[in-house]
Amino acid sequence: MLSRTAENLFWLARYVERAEYLARTIEATLRATALPATYVGKTNEWESALLTAGIGDGFYKIHPEADERSVVDYLAFSPENPSSIRNCIEAARLNSRSVRTALTSEMWDTINGAWIELQQVWQGGVRSREDLTKFLRFVQETSLRFDGSAYRTMLRNDAYWFSRLGLHLERADNTARILDVKYHMLLPEKEHVGGPLDYYQWTSILRSVSALTAYHWVYRETLKPWLIADLLILNETLPRSLSSCYGNLVRNLDQIGVAYSRQGPAQRHARGIRNRLEHSHIDDIFQHGLHEFIQEAISDNNRLGEIIAKQYLI
Amino acid sequence: MAVAFDEMNGPDGSLRPAYEALSHWLKEMPPDALEYRRQEAELLFRRIGITFAVYGEADAQERLIPFDVVPRILSGKEWTHLEKGLKQRVKALNMFLRDIYHSRDILRAKIIPDDLIFQNPVFRPEMNGQDVPHDVYVHIAGIDIVRVGPDDFYVLEDNARTPSGVSYMLENREIMMRLFPDLFARHRVAPVENYPDALLSALRSVAPHTAAAEPTVALLTPGVYNSAYYEHSFLADKLGVELVEGRDLIVKSDEVFMRTTEGLKRVDVIYRRLDDDFIDPLTFRPDSVLGVPGLMSAYMAGTVTLANAVGTGIADDKAVYSYMPDVVKFYLGEEPILKNVPTWRCREKDDLGHVLDHLDELVVKEVHGSGGYGMLIGPASTKAQIEAFRAKLIQDPEGFIAQPTLALSTCPTATQSGLAPRHVDLRPFVLTGRDHVTVVPGGLTRVALKEGSLVVNSSQGGGTKDTWILDE
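One line per chain: the protein sequences are A and B, in this order.
Numbering-wise, the first sequence is residues 0 to 313 according to numbering that gives the first Met the number 0.
Numbering-wise, the second sequence is residues 0 to 471 according to numbering that gives the first Met the number 0.
Derived from the structure by calculation, the hints contain no laboratory data.
Backbone N, C-alpha and C define an ideal beta-carbon position, used for all residues, glycine too.
Treat the hints with care, since some could be wrong.
Simulated crosslink set (SDA-like; lysine to any residue; CA at most 25 Å straight-line) [what the hints assert, rightly or not]:
(1) B/K251 with A/M0
(2) B/K237 with B/E213
(3) A/K309 with B/E254
(4) B/K251 with A/A308
(5) B/K382 with B/E365
(6) B/K264 with A/Q254
(7) B/K237 with A/D108
(8) B/K76 with B/G9
(9) B/K264 with A/L154
(10) A/K133 with B/R45
(11) B/K237 with A/M0
(12) B/K264 with A/I306
(13) B/K264 with A/D253
(14) B/K264 with A/Y259
Okay, the calculated bits of chain B under chain A, using three or more residues with CB under 8 Å as the criterion [claimed, not checked]:
(15) 221-230
(16) 239-245
(17) 258-272
Please take these sequences and the hints and turn them into a complete structure.
Structure representation (structure tokens):
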């Protein structure tokens, strides 16, 4: 396969995943702000949403303050934010156009249809919360359809594996970022456990990765910060956990390695991270420092992206 | 101007046989059914993303070419005649190109003036004495044909560089079959869907001698911003070959490779949809970022086939066009089956005088122009436009040719106010491989959607129709 095609597929999957993640972040923030102040404290949830998306700097160059209107606009529609949902969908469409021959018609149809809807229905942004909810659902459904059509229609060859690599790399990055922004909330000794304040903040973490129900299924306990961290980092059964993402990254890289009869630094690096995750325990992670751990995970993940690019994409 | 020949209702108003079934069917249709289907077709085109870009229009990065749901029909007999003429013409074109870049017999025989070739900016001196695999220059030709009477077909233009539009021929058919299955049940329409197969086998057959048994073919596109990008990706997909951009290719020791996830892979045949000027910045325009540095050197070394060959522009130059009947006679010793439109060469003094005296009756075209740009349609122009054009013409007579305003045939077309005749032309695609020439029965019918307009170019608001060749 052309290196450029693989690169486009890889990024296409990343853009779609990122768009969905941003939609989830906005949705979780909306829920949090709908609660009375006594439940959520005095924190500015919109500011925290910006930080979670890792784009605070760009935002404050344009807006003096983070409020619902400006943050939603910046995350969802702003042309000036390179990773706004709109820009993600537009970039995904452009990538799709240049690799149409590698996409199935269902995948193309999903992206092209979403792009058309974006232009026709959402050109002017949203005017109400009702609109916004519809928009967020549209984004999530696009991502679901795209992912689903890839899963159901693509040949299981390198085109598929490279797009899965993009998806899992992006997903791991998103999960790590959420943990990083909220890590202070996850520290067990900080607040009195079980109070309404942190309860709702934790729920919002889980909601943004759509893992609230999963938490209850896995632990059958009330929300506990270290268990949330355990779920998002080490639980391989949760599709958005770092462990699960790395399981998939290793699997897909191995499949490419077998198909090309050659392994390389990408396979080794991914396997190294997965092995470390496999042998970690959440208590040790807290002991070592959750923040440090997450920082390392983010930079390891970036590094893997660079290695994949060097080995296959350029 | 004479009343145009109508393809459905002949000169005396009687229904022509090829259109009988269609005409009955149209009469049975409820009046708004066509409009409904037209909207449906548009939705399909937009959804599939069959678009083209118009240069110079900011908001129109992608537009749909309007699609007319009423097919244009040619009888099997008419097609057989056209097909023969097309094959003859393209054969002569290939021999002409080989001659121009080698012994130049046609110049020595004084059939075409030397300076028309050597002073021509599309002539490529780099190709002098250069052999191309199997002597094929024009692998894909799109010959524009207009009709003015029951048996009068004229060639309007020989597109011998990188003719486009074949994706519309194929997609129009797919959409018609989806929207009007019962219409197909009433006709025997020759299929066009084997075009990609025919193209691939033609391309493979002209691989260089050094190529492996299974030559690797790639389609070279300028990229997503090119007006015909949709077509490039569509064809690559149908051919099952890689769609490459310049940056995907690299030349090493005079061989061309593409960058793949498994390392470099050799390429033997490049169906390039990039003009000569842009293919290699080392040989042609140094500012081109679309091409491949060193591609010409590999081409010269004979390790890669370019389709179409470099330098074919000289054959679709409009001034050279006027000599085509002589070209056919010179190389094949046959009478040309397809006629040329009578053409005045403004480079010749007498012709220029005649053209200047009759500007309001003639169509004047730039010799190197395309896409309906830079032309004057005398009868449809204002006095001021004509005078402005006169000045251009006097300043650069060599740059123009002129032709009578032909009454292009019309074909019933769905309009706001029901079916109405609109002018059409036809672009069939002629494929030349190592030892045979193929024409898939059909082509792209372009239709001028504005009443009375003769301009069918998509860049000028023309539309397309499915073209049916009846299998009798």
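We went through each hint and held it up to the structure:
1. Among the hinted pairs, B/K251 with A/M0 is consistent with the structure: their alpha-carbon atoms are about 19 Å apart, no more than 25 Å.
2. Straight-line distance between C-alpha atoms of B/K237 and B/E213 comes to about 18 Å, which keeps the hinted pair within the 25 Å bound.
3. Among the hinted pairs, A/K309 with B/E254 is consistent with the structure: their alpha-carbon atoms are about 24 Å apart, no more than 25 Å.
4. Annotation: proposed proximity of B/K251 to A/A308 holds, straight-line Cα distance about 23 Å (limit 25 Å).
5. Restraint check: the Cα-Cα separation between B/K382 and B/E365 comes to about 19 Å, which is no more than 25 Å; the hinted pair holds.
6. Our distance criterion of 25 Å between C-alpha atoms is met by B/K264 and A/Q254, whose separation comes to about 21 Å.
7. For the suggested pair B/K237 and A/D108, the alpha carbons sit about 18 Å apart, so the restraint of at most 25 Å is met.
8. Restraint check for B/K76 and B/G9: satisfied, since their Cα atoms lie roughly 16 Å apart, inside the 25 Å limit.
9. Distance restraint check for B/K264 and A/L154: the Cα-Cα separation of roughly 22 Å lies within the 25 Å cut-off, and the hinted pair is therefore satisfied.
10. Of the pairs offered as hints, the one joining A/K133 and B/R45 holds, with about 24 Å between alpha carbons and a cut-off of 25 Å not exceeded.
11. Only pairs whose Cα atoms come within 25 Å are accepted, and B/K237 paired with A/M0 is accepted, the gap being roughly 16 Å.
12. Of the pairs offered as hints, the one joining B/K264 and A/I306 holds, with about 22 Å between alpha carbons and a cut-off of 25 Å not exceeded.
13. Of the supplied pair hints, the one linking B/K264 and A/D253 holds, its CA atoms being roughly 22 Å apart against a limit of 25 Å.
14. Our distance criterion of 25 Å between C-alpha atoms is met by B/K264 and A/Y259, whose separation comes to about 13 Å.
15. Coverage of the stretch 221-230 of chain B by chain A holds. Counting CB-CB distances below 8 Å, 3 residues qualify, and the rule asks for three or more.
16. Residue count for the stretch 239-245 of chain B with a Cβ under 8 Å from a Cβ of chain A: 4. That meets the three needed, and the coverage hint holds.
17. Check on the stretch 258-272 of chain B: 4 of its residues sit with their Cβ under 8 Å from a Cβ of chain A, so the three-residue criterion for coverage holds.
Every hint from the earlier list agrees with this structure, and none is contradicted.
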